[in-house]
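Enquirer: Okay, here's what each chain looks like letter by letter:
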Amino acid sequence: MPGWSRHDGHAIAFPLHNVDTDQLIPSRFMSTPRSQGYARFLLHDLRKDAAGEDHPHFPLNRHRHASILIAGRNFGSGSSREAAVYALVDAGIKAVFAPSFGDIFAGNAVNNGLLPACVSDDDFNLLIRSLGDGAELAMVALDRGQFSIGNVQVPFALDPSWRKKLINGWDDIDLTMQHLADIERHRTKLKQTAPWSRPVADV
Amino acid sequence: MTVPRTLLDKLWSAHEILVRADGSSLLWVDRHLVHEGSHHAFARIESRGLPVAEPELTFAVVDHYAPTRRLAQIADPQISYMVENLRNNATKHELRLFDLDDPGQGIVHVVGPEQGLTLPGLLINCGDSHTSTHGAFGALAFGIGATEVAHVLATQTIWQRKPKAMRMHIDGKLGPGVSAKDIALNWIAGLGADGAQGHAIEYAGSTVRELSMEGRMTLCNLSIEGGARFGLIAPDETTFLYLEGRPHAPRNEAWDAARKAWVHLHTDAEAEFDRDIHIDADKIAPTVTWGTSPEQAIPVTSTIPDPKALANGEAEAVRDSLDYMHLSAGDPIEGTPVDQVFLGSCTNGRIEDLRSAAAVLIDRKAKVPGLVSPGSAQVKAQAEQEGLDRIFIEAGLEWAAAGCSMCVGMNGDVVGPGKRCASSTNRNFRGRQGPGALTHLMSPAMVAAAAVTGTITDVRPLLKGGKA
Ligand code: SF4
Numbered sequence: 001m002p003g004w005s006r007h008d009g010h011a012i013a014f015p016l017h018n019v020d021t022d023q024l025i026p027s028r029f030m031s032t033p034r035s036q037g038y039a040r041f042l043l044h045d046l047r048k049d050a051a052g053e054d055h056p057h058f059p060l061n062r063h064r065h066a067s068i069l070i071a072g073r074n075f076g077s078g079s080s081r082e083a084a085v086y087a088l089v090d091a092g093i094k095a096v097f098a099p100s101f102g103d104i105f106a107g108n109a110v111n112n113g114l115l116p117a118c119v120s121d122d123d124f125n126l127l128i129r130s131l132g133d134g135a136e137l138a139m140v141a142l143d144r145g146q147f148s149i150g151n152v153q154v155p156f157a158l159d160p161s162w163r164k165k166l167i168n169g170w171d172d173i174d175l176t177m178q179h180l181a182d183i184e185r186h187r188t189k190l191k192q193t194a195p196w197s198r199p200v201a202d203v
Numbered sequence: 001m002t003v004p005r006t007l008l009d010k011l012w013s014a015h016e017i018l019v020r021a022d023g024s025s026l027l028w029v030d031r032h033l034v035h036e037g038s039h040h041a042f043a044r045i046e047s048r049g050l051p052v053a054e055p056e057l058t059f060a061v062v063d064h065y066a067p068t069r070r071l072a073q074i075a076d077p078q079i080s081y082m083v084e085n086l087r088n089n090a091t092k093h094e095l096r097l098f099d100l101d102d103p104g105q106g107i108v109h110v111v112g113p114e115q116g117l118t119l120p121g122l123l124i125n126c127g128d129s130h131t132s133t134h135g136a137f138g139a140l141a142f143g144i145g146a147t148e149v150a151h152v153l154a155t156q157t158i159w160q161r162k163p164k165a166m167r168m169h170i171d172g173k174l175g176p177g178v179s180a181k182d183i184a185l186n187w188i189a190g191l192g193a194d195g196a197q198g199h200a201i202e203y204a205g206s207t208v209r210e211l212s213m214e215g216r217m218t219l220c221n222l223s224i225e226g227g228a229r230f231g232l233i234a235p236d237e238t239t240f241l242y243l244e245g246r247p248h249a250p251r252n253e254a255w256d257a258a259r260k261a262w263v264h265l266h267t268d269a270e271a272e273f274d275r276d277i278h279i280d281a282d283k284i285a286p287t288v289t290w291g292t293s294p295e296q297a298i299p300v301t302s303t304i305p306d307p308k309a310l311a312n313g314e315a316e317a318v319r320d321s322l323d324y325m326h327l328s329a330g331d332p333i334e335g336t337p338v339d340q341v342f343l344g345s346c347t348n349g350r351i352e353d354l355r356s357a358a359a360v361l362i363d364r365k366a367k368v369p370g371l372v373s374p375g376s377a378q379v380k381a382q383a384e385q386e387g388l389d390r391i392f393i394e395a396g397l398e399w400a401a402a403g404c405s406m407c408v409g410m411n412g413d414v415v416g417p418g419k420r421c422a423s424s425t426n427r428n429f430r431g432r433q434g435p436g437a438l439t440h441l442m443s444p445a446m447v448a449a450a451a452v453t454g455t456i457t458d459v460r461p462l463l464k465g466g467k468a
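Chains A and B, in that order, are what the protein sequence lines are. Using our numbering, the letters of the first sequence map in sequence onto residues 1 to 203. Using our numbering, the letters of the second sequence map in sequence onto residues 1 to 468.
Just chain A, with the same shape it has in the complex:
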């Protein structure tokens, strides 16, 4: 996964609260292998009518080139399905700004190069007002923790370890492999001090 520290793209407002991962991708699509692409599943049941036709008013249908979402509070709550992040990433979304995120979703996002950035309630309202129904050119400066749409500039909060990971495009498995000796030490100690912690095998 390549790292990034600055992104320029179009931002749109998607101010619903509590957009859960069942909305981001309904469960019936989740058996699809990732190689087939998940873009078409993004927000499927909100975006399309029962006949599978796009709702013309839905923000992502009006602005297909958007890469930044300004979303309502508790975005990505619910299920741990990483497929919700795959759907966003495959649809070209690079950053989501919201007052709060589901914890598991936010971790999954960072693991896939997608920025889950927290903004204050006031800044959220400011961004929503300045965007209206439109799509505006916007800039994300990951290193400085700043987001701007035209003259409107707001700071955003991000866990420092996540910032580093996004910028460097780090893969956790590679990082962890450097600590194999520490892991092995812990494992050995555990076998001595808490042998009960290993499961009894089937009889």
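Treat the hints as calculated values from the structure; they're not laboratory data. Treat the hints loosely; a few may be bogus.
[What the hints assert, rightly or not] Residues from chain B that keep clear of chain A, each with C-beta distances beyond 10 Å, as calculated:
(1) His169
(2) Glu272
(3) Glu386
[Stated by the list, open to error] Pairwise CB distance ranges, derived in the manner of DEER restraints:
(4) B:Pro247 to A:Leu190: 17 to 23 Å
(5) B:Asp280 to A:Val152: 28 to 34 Å
(6) A:Gln153 to B:Val263: 37 to 43 Å
(7) A:Gln153 to B:Asp171: 44 to 50 Å
(8) B:Asp280 to A:Leu190: 48 to 54 Å
(9) B:Asp268 to A:Gln153: 44 to 50 Å
(10) B:Thr303 to A:Val152: 39 to 45 Å
(11) A:Asp174 to B:Pro332: 56 to 62 Å
(12) A:His55 to B:Asp268: 52 to 58 Å
(13) B:Arg48 to A:Gly3: 38 to 44 Å
Note that beta-carbon positions come from the ideal geometry of N, C-alpha and C, so glycine has one too.
For chain A, the structure is supplied; the task is to place chain B with the ligand on it using the hints.
Expert: Showing chain B with the ligand alone in chain A's frame:
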């Protein structure tokens, strides 16, 4: 004098291998539970040519796609593909698999405790948000995404930042017909679906001590619906009694050693929490959701909220939910007709849940169709031994095999578009139980009451009839 520590502190430090400069801890994982949905993670380690680091600590369960009408649904190619995929990965990596015909099969969060895989003091991960359930045993248990599942498979560790600590004191006596489900829906309605975000919740107080393990699991299970990734309850005699003799639990000297270690797993008297919340159990009524977020819950005796009475942003959310749910502001929630009922899930699919529903349904008929899917094959067998299956069947409900079933609809058990379901599950999200499905969350006893009257109903008068 040592610094007083919370249960979270003790569990965290026992698993911490190292801390990075940025504050992330590398934690040892004692149990890793995988299911059909873990296919992305297996594909990921496959592509890097990595083996599973600790096959002995990794357990695979068929649940999300498990056909509850076994023969009919297994013919569905998508379902059999998902089940087959897990089988192949389990065989390849030599994992213990709880397959469809295994007497230990069931929903992963029911199986773990039931098999004695879940123990106090362990760190438990699973690629499923309701992994918080296992915290009921005093385990550090949390749900993770696919990239993290791949990481645990490959290294038996996980990077994590320590959450803040919240203590929820729940005191007093629950009224008849009121259960752990009602406590949970109540606090989530109070704090919001993101109310506990970033926190691990430790449930404490006299009500929690009185709860059975089933009730404690329901409470911890629903932590995630209030935004908390972790729910925790200090282990006690109730915990130990539940675990002793379970298939994978320690035995003999190992059991004694474990008991000695577990006694220390509680919050020290002087320890401080980032947040303390108090809940009065006496005041809780049977609670139901009316909307599309678990925070949209009210006592069954009250009326559906009116957006006119709310601030701008909130009003819109309420209006949206009412629209989707085909409900009118100001109407009493009681009496809302339902089309069907569902009993099951990792929240309320355990034996005690089925007993409380059966106590309402005995000698009564359901006015609407419904499905009962026990949380595991063991729960099913136990229920059949107690004759609960007869009660459900005679009431007119369908008695099916174990799995996630209509909680998420992946196995084909779905609620039809526009159909209203009284459900013992955990998520009333739009389309969760099927596209266009309308879900009302409630306790198993309340689901049974809805079945009996065909409407959302306060279960308490039905209990007074002396039939429960
Ligand atoms: S029963 Fe529902 S919530 Fe529980 S693990 Fe299965 S799908 Fe998830």
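Enquirer: For every hint, state whether the structure bears it out.
Expert: Evaluated hints:
The non-interface label for His169 (chain B) is consistent with chain A: the shortest C-beta to C-beta separation is roughly 23 Å, beyond 10 Å. Its beta-carbon lying about 22 Å from the closest one in chain A, Glu272 (chain B) satisfies the requirement of being farther than 10 Å from that chain. Taking the minimum C-beta to C-beta distance to chain A, about 26 Å, the non-interface status of Glu386 (chain B) holds against the 10 Å cut. Our hint of 17 to 23 Å for Pro247 (chain B) and Leu190 (chain A) holds, since their Cβ atoms are close to 22 Å apart.
Here the CB-CB span from Asp280 (chain B) to Val152 (chain A) is close to 45 Å, at odds with the stated 28 to 34 Å. Evaluation of the 37 to 43 Å hint for Gln153 (chain A) and Val263 (chain B) yields a failure: the beta carbon distance comes to about 55 Å. Between Gln153 (chain A) and Asp171 (chain B), the C-beta spacing of about 48 Å keeps the proposed range 44 to 50 Å intact. At about 41 Å, the CB distance of Asp280 (chain B) to Leu190 (chain A) disagrees with the hint of 48 to 54 Å.
Taking 44 to 50 Å as the suggested C-beta distance range, the pair Asp268 (chain B) and Gln153 (chain A) conforms, at roughly 46 Å. Between Thr303 (chain B) and Val152 (chain A), the C-beta spacing of about 41 Å keeps the proposed range 39 to 45 Å intact. For Asp174 (chain A) and Pro332 (chain B), the Cβ-Cβ distance of about 58 Å falls inside the hinted range of 56 to 62 Å, so the restraint holds. For His55 (chain A) paired with Asp268 (chain B), a C-beta distance near 55 Å keeps the hint of 52 to 58 Å intact.
Distance hint check: the CB atoms of Arg48 (chain B) and Gly3 (chain A) are about 19 Å apart, inconsistent with the given range 38 to 44 Å.
Violation of the numbered hints given earlier is confined to hints 5, 6, 8, 13; the remaining hints are satisfied by the structure.
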